[in-house]
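In case you want the letters, here they are:
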Amino acid sequence: MSSPLESPKGFLRRFVFSTDHKVVGLQYLFLALAAVTIGIVLSLLMRFHLVWPAAHLPFVGSGIMTPEQYLALVTMHGTIMVFFVLTVAPQSAFGNYFLPIQIGAPEMAFPRLNMLSFWLTLLAFLCMLAAFAVPGGAPISGWTAYPPLSGLGEVTGPGEGMGQTIWIVSIFIFCVASLLGSLNFISTTMDRRAPGLTLMRMPLRVWGWFVTSILSLLAFSVLLAGGILLLLDRSAGTSFFLPAGLVVNGEMQGHSGGSPLLWQHLFWFFGHPEVYIAILPGMGVVSHVLANFSRKPVFGYRAMALALCAIGFLGFLVWGHHMFVSGMNPYSGLTFSLLTISIGVPSAIKTFNWLGTLWGGNIQFHTPMLFAIGFVSFFITGGLSGIFLAQPAVDTMLHATYYVVGHFHIVMGVAAIFGIFAATYYWFPKMFGRSMNETLGKLHFWFTFVGVYCIFMPMHFVGVAGGIRRYADSTGAKYLAALQPLHEFMTIAAFITAAAQLIFFWNFFRSLRNGVRAPANPWNATTLEWITASPPPPDNFGSQFPSVYRGPYEYSVPGETADFLPQNLAPAGVVRTSASAAGIPQRAYLTGTIMLLAGVLMFFMALASADIVRRGFSSDWRPLDLPLRVLSLSTAILLASSFTLARSRSRLLANDDAGFRHWWGVTAILGIFFLAGLAIGWRQLAATGIGLATSSGSSFFYVFTAAHGTHVLAGIAAMVAVALRAPRHLTRATVAAVVSTYWHAINALWVLLFLFLVLER
Amino acid sequence: MSGKIFKSARKWLAAAACVLLLGVTAPHAIAQGCAMCYQTAAASGAPVREALRHGILILLLPAISLFLGIFAYIYRRRNLAR
Numbered sequence: 001m002s003s004p005l006e007s008p009k010g011f012l013r014r015f016v017f018s019t020d021h022k023v024v025g026l027q028y029l030f031l032a033l034a035a036v037t038i039g040i041v042l043s044l045l046m047r048f049h050l051v052w053p054a055a056h057l058p059f060v061g062s063g064i065m066t067p068e069q070y071l072a073l074v075t076m077h078g079t080i081m082v083f084f085v086l087t088v089a090p091q092s093a094f095g096n097y098f099l100p101i102q103i104g105a106p107e108m109a110f111p112r113l114n115m116l117s118f119w120l121t122l123l124a125f126l127c128m129l130a131a132f133a134v135p136g137g138a139p140i141s142g143w144t145a146y147p148p149l150s151g152l153g154e155v156t157g158p159g160e161g162m163g164q165t166i167w168i169v170s171i172f173i174f175c176v177a178s179l180l181g182s183l184n185f186i187s188t189t190m191d192r193r194a195p196g197l198t199l200m201r202m203p204l205r206v207w208g209w210f211v212t213s214i215l216s217l218l219a220f221s222v223l224l225a226g227g228i229l230l231l232l233d234r235s236a237g238t239s240f241f242l243p244a245g246l247v248v249n250g251e252m253q254g255h256s257g258g259s260p261l262l263w264q265h266l267f268w269f270f271g272h273p274e275v276y277i278a279i280l281p282g283m284g285v286v287s288h289v290l291a292n293f294s295r296k297p298v299f300g301y302r303a304m305a306l307a308l309c310a311i312g313f314l315g316f317l318v319w320g321h322h323m324f325v326s327g328m329n330p331y332s333g334l335t336f337s338l339l340t341i342s343i344g345v346p347s348a349i350k351t352f353n354w355l356g357t358l359w360g361g362n363i364q365f366h367t368p369m370l371f372a373i374g375f376v377s378f379f380i381t382g383g384l385s386g387i388f389l390a391q392p393a394v395d396t397m398l399h400a401t402y403y404v405v406g407h408f409h410i411v412m413g414v415a416a417i418f419g420i421f422a423a424t425y426y427w428f429p430k431m432f433g434r435s436m437n438e439t440l441g442k443l444h445f446w447f448t449f450v451g452v453y454c455i456f457m458p459m460h461f462v463g464v465a466g467g468i469r470r471y472a473d474s475t476g477a478k479y480l481a482a483l484q485p486l487h488e489f490m491t492i493a494a495f496i497t498a499a500a501q502l503i504f505f506w507n508f509f510r511s512l513r514n515g516v517r518a519p520a521n522p523w524n525a526t527t528l529e530w531i532t533a534s535p536p537p538p539d540n541f542g543s544q545f546p547s548v549y550r551g552p553y554e555y556s557v558p559g560e561t562a563d564f565l566p567q568n569l570a571p572a573g574v575v576r577t578s579a580s581a582a583g584i585p586q587r588a589y590l591t592g593t594i595m596l597l598a599g600v601l602m603f604f605m606a607l608a609s610a611d612i613v614r615r616g617f618s619s620d621w622r623p624l625d626l627p628l629r630v631l632s633l634s635t636a637i638l639l640a641s642s643f644t645l646a647r648s649r650s651r652l653l654a655n656d657d658a659g660f661r662h663w664w665g666v667t668a669i670l671g672i673f674f675l676a677g678l679a680i681g682w683r684q685l686a687a688t689g690i691g692l693a694t695s696s697g698s699s700f701f702y703v704f705t706a707a708h709g710t711h712v713l714a715g716i717a718a719m720v721a722v723a724l725r726a727p728r729h730l731t732r733a734t735v736a737a738v739v740s741t742y743w744h745a746i747n748a749l750w751v752l753l754f755l756f757l758v759l760e761r
Numbered sequence: 001m002s003g004k005i006f007k008s009a010r011k012w013l014a015a016a017a018c019v020l021l022l023g024v025t026a027p028h029a030i031a032q033g034c035a036m037c038y039q040t041a042a043a044s045g046a047p048v049r050e051a052l053r054h055g056i057l058i059l060l061l062p063a064i065s066l067f068l069g070i071f072a073y074i075y076r077r078r079n080l081a082r
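Protein chains in written order, with my numbering: chain A, 1 to 761; chain B, 1 to 82.
This is chain B alone, in the form it adopts within the complex (with noise of 0.2 Å):
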């Protein structure tokens, strides 16, 4: 039993490496969004940029939460019938 559970912690924690590895490696790739934008807000003075990924996160993370709690709450409900 205990021998499965570390198998099974340790196919998580490669995984976890793993993704950690590619966020490490990973090119930075600026352009993702619109240049206009980035440009815009890149030429803006420190201040504003700060401002600026304070409000982003501000709203992502609540679109996010959302999102994941709205899955949570249908996965919860995935075999209820009417």
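For reference, chain A alone in the conformation it holds in the complex (with noise of 0.2 Å):
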């Protein structure tokens, strides 16, 4: 039988443009490489001019780096490291290549959409890069981009003009990236798992990619929605972010009415999830391969994925907590705090299940289980110095200190990169078929493991000294000064460290044309990745699609000669029976659809709480006089497209194709005429002297009109090009159903939008 899957001819179709969800992973995996490379490279030029800030440095324009020069390798050292290391390689490299295999499918739910990710988020990195070679250099507002200096331009200093723009650009496409990812992701593991494969069976690292696709869902539309209206206030003159009487350099700004903390609001809507977007698949992979190499089952493996979900679930409450208790009613306050304190209970579960599975365990020393203990030794020494920081008093002191710097680089940072490390080491076979040296990995462990401490637990003291973050040079102020020698321990510990990373690169490189050949299951594991040949075939099994039997880490089973389980071992008087690879199943299509409205959702919601917000804040805020004639008119058009459309679908089923085309026909009009009168109405009020920057209200309308715009646009194209050309792979029934329900959900979002506009009258 010929695989269903054949790898495509050719070089490019192969390897660069290619659908294959292992060459994508693959393509993401040496992304973050580059992306961490380069992230490293900057925290060591920080390092190096934290020790000594006179020294010429060949590359810097005058020779000294300025604090200019230095804030802006902090920001970008920070949006690299967050978006283009943690966010990509545990979840967009690790999870492309090996989701579907754990879950024993042929291809991702939509490889072309993943393919589209993957070239997306190389385009938002490469912008990325571009923001160091445009005049002024690379941003200097932090990877948190605080207003007002991200949303004043130039002339809040270097880097806040062209660089901030090309910033907030690279991570709108990073975003769209992410977003196109994690419904890709969250409908593969409904829609393509393997017979057999229940959820109680996943193993624990897709439960991660899963938790870790539904948090990046909601909070990438909203950082998405924030970085438009920053966008807008840099260069179209709005006022969301932005107070009014700003002089910057003894320039008054044109400004009125906006507050940054409307932007840290929606920030950190993104911001809280974003720690367990980074840390979550590490966690998966870490229950994982301690697992594997105690030769012992998960201790509490229903425990540890609904610990997985919860941490995921409490994460918003987290962040719902971060303001909302300043002046309200102290018993919701109380109720609140409880919801909120509880996070801690899942990570706890987490960490007591596994030293559970190591206890007792027939611990096998290999490099990918070593830095899977250092991950757990991390996440356990960053957990311990954040319970400080709950501390109102103390944090208020540490805020802005050191101490935050250490903290958060040991529990978000090097923790998660502990996990790539693990995955790295632990799948390397599997990915290219050979073994990386056991030596040199064991080597790059404890030069690391050592040196990331060297390195990150001195910050603690000078924090708790006084050490402020973000200063380019402390060797001016006394009591700073007396904190240098850390530095200078804390900058070699860095370099050396740095240098231990090489002893990687090479394993790795090296590796991939030397190493040694790895046979098809060299860890002796469970899952189903483990069943196939290393590096895979193009279809992951060979024609040979498993069914699913057994949990995913049935180790030292009593009463069973081997030490192993398979997933796909069936039950002694069960018959095994090979699962078909069957073409992307109908209703995945459906699940995509609703994932992404969940996304337009939260997309249009973060507008409407900015919306309610900057209100709050505004003295400038008025009723907008709207247009309101041709708005009814057109949201009765709109309303009327839902009719037309469900009639079309109607006809459809009866078999009448011409009805159906008819009507479909007519719901495009219907679109079209809908997006006729939004025209006329901008037309209306752009005649009255209202534009967009003229008052918050306006500003928003137009944002609001022009968003639910766009997504008629994209489904008036949809309607076209399913008309001109049927996709291949889908029944017109298929077509019909999610075009419909994208249609209907939008006009229903229409509705809401209307009422909203009306009633903030």
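Keep in mind the hints are simulated off the structure, nothing from the lab.
There's no promise every hint is true.
Covered stretches of chain B, going by a simulated chain A footprint (3 or more residues, C-beta under 8 Å) [claimed, not checked]: (1) 45-55; (2) 67-77.
Simulated DEER-style distance windows between Cβ atoms [unchecked claim]: (3) A/Thr396 with B/Phe6: 46 to 54 Å; (4) A/Ala718 with B/Phe6: 51 to 59 Å; (5) A/Leu653 with B/Trp12: 39 to 47 Å; (6) A/Ile680 with B/Glu50: 30 to 38 Å.
Quantities reported herein were computed from a predicted structural model and do not represent experimental measurements.
Glycine is no exception: its CB is placed at the ideal position from the N, C-alpha and C atoms.
Two chains, two separate frames, one set of hints: put the complex together.
Next up, the structure:
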């Protein structure tokens, strides 16, 4: 039987514009490796400058690094590491490669979308790097891009002109790529699992990717909305985040009524879950690796899976608590506090269960295991230093110091990166068919493990002593100068640790060609990726698609002679069947559409939330005289289009092709009329002198309607595309169901928006 | 049968009472988030704080609903094979 997924011919189709999830996963992995290299170099430059601030550097314009250039390094290091390493490597790289294989699928749900996600991410990365090359250089407002610094343009400093604009555009593209990736991951997990792979048989790694995808879907939509508003503040003169009366470098700024707090509100809706987006896939891989090398089942598998879900869920409540409690009824505050504090429970369950998995195990100290244990160590250390930050008085004192830098680097950065290293050493044999050198791997681990503690533990002491973060030069102030020996120690440790990464790179690239050939299952593991060849064939299983009969961690099962039982091993007396590859199930398209709509809903909710908060701040908010007549007419037209689309679908079900096409066309035309109505409304407003930047009300009106109009336009484009050329893999009923779901939801959203705009008056 | 239902209902009621008790007696963890954001918000006027609370709820409720909704969706398909 020939494989249903043949390897494409030609270099470009096979290795560059490939839709194979394994190639896309590797592309993401190499992108993350490039990003982490740049991120490390930037951090070394910062550490060097902190210790020798007067040293001449050959690639710095004037020879000596200016404070602004230092801040640009801080910004770019943070951005590159958070977005292009911690988000990309554990989720997009390993997730893309292994999610379909671990669930026994031949492909992702939407292979082309997958390829598009990667190319958009690469574009975002190149865009981000381009910020170094534009006049003024990279932005200086930090990875959180707090306004007003990030919103005013070059008047606030070098890098805040074109550099900051490029930064926002890059993040915008990255958000779109992440959203597409997330809905693909969710649809794949829901609809492409092998027969027998029930939820409670999924590897914890898959649970980690799944929960992370939901967080990404909901969080990046909000960052996308915030990014658009920030871009408008910079380029269109609006005042979402910029207050009145700002004087910068002697120049009065022409903004009014906005507030930086609104950016904090939106940004941290993304920022809080981002911590879990970075760490949850790591938790999955660590659980997986610990069980494998302890030769024991994961202790409390069900609790571990539920803990992953609970962490994701409570992550949003933590954000809500962020500022929610100020001035509210104390009893509501108590309940909210309880819910928020409870995020410690699943985290503690995970740590306890990792230790429970190790307890009494037949532990094998292979390199992935060392990195997994390192992850647990850093997770506990970072968690413990976080307890101090939970005290309001202590947090106020430590907030802008190196204590926080040390804390979040250990818990979010290093722990997550140890998870990435564990995954790399663990799955390298599967991805490349060769093994990495164990001795070099262990050397790499010990240098990195000790080195990282040497860098970040002293930061806690520096912070407690008052060492302020983001200062380019602390030799000027006496009390800060006293901390210089510690800074020197950390810098030397940083250089040694960075040098140790060369061992990893050497081991990685050398093993690609010269590593010892790996068998299909070098670690005697149980999950489905280990039952196929290394590297896996184009369809992942060489046409022998597995069925699943047992849980993912059946090691040392009492009464069994083998020390591990693969998931596809049928119990005695059960006839083993081979599943069919089948195409992408039609329901996956509907799942993907629903997930897309979830992202769209969050995007609009972010705008609505921003509108409400902005009004609270606003001294300039006035009711907007909306062009109600034309908007009402447009609304009626859009509602009518829902009926015509329903009519079109019913004709399709009645096998009336001409009727289907007729009503399909009528729907598209009604959509165009709706857009024309919006354009007329805009024109009427503009004729009365009300533009985008006139007031906060008008700004939100234009943003809401433009955003919704774009979604209607996308719906019309989909209808026209389907009418011109029916997709090959979809039945017409599926196409009609997908387009109808999207269209009705977008129409319902408009009704809510319209009511919101009318009530707002 | 009815005794079984009663027993189960009693169990749920006891659990709900425990949660309620914890909620009432829980300490007020105001610094679970960021001190800077909290203080900026707390230092603003009452209308700002109120707007912020509404804004947070408008963003929080859909997020939580969608999160739970996606889980309900996958739970319905928990045993569904490819």
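Hint-by-hint comparison with the structure:
For the region 45-55 of chain B, the assignment as covered by chain A holds, since 10 residues bring a beta-carbon within under 8 Å of that chain's beta-carbons and 3 suffice. Here the region 67-77 of chain B counts 9 residues with a CB under 8 Å from a CB of chain A, which clears the bar of 3, and the coverage holds. Between A/Thr396 and B/Phe6 the Cβ separation comes to about 52 Å, which falls inside the hinted range of 46 to 54 Å. Checked against the given bound of 51 to 59 Å, the beta carbons of A/Ala718 and B/Phe6, roughly 55 Å apart, stay inside it.
Under the hint 39 to 47 Å, the C-beta atoms of A/Leu653 and B/Trp12, about 44 Å apart, fit the expected range. About 36 Å separates the C-beta atoms of A/Ile680 and B/Glu50, a value consistent with the hinted range of 30 to 38 Å.
Hint check: no violations occur; every hint is consistent with the structure.
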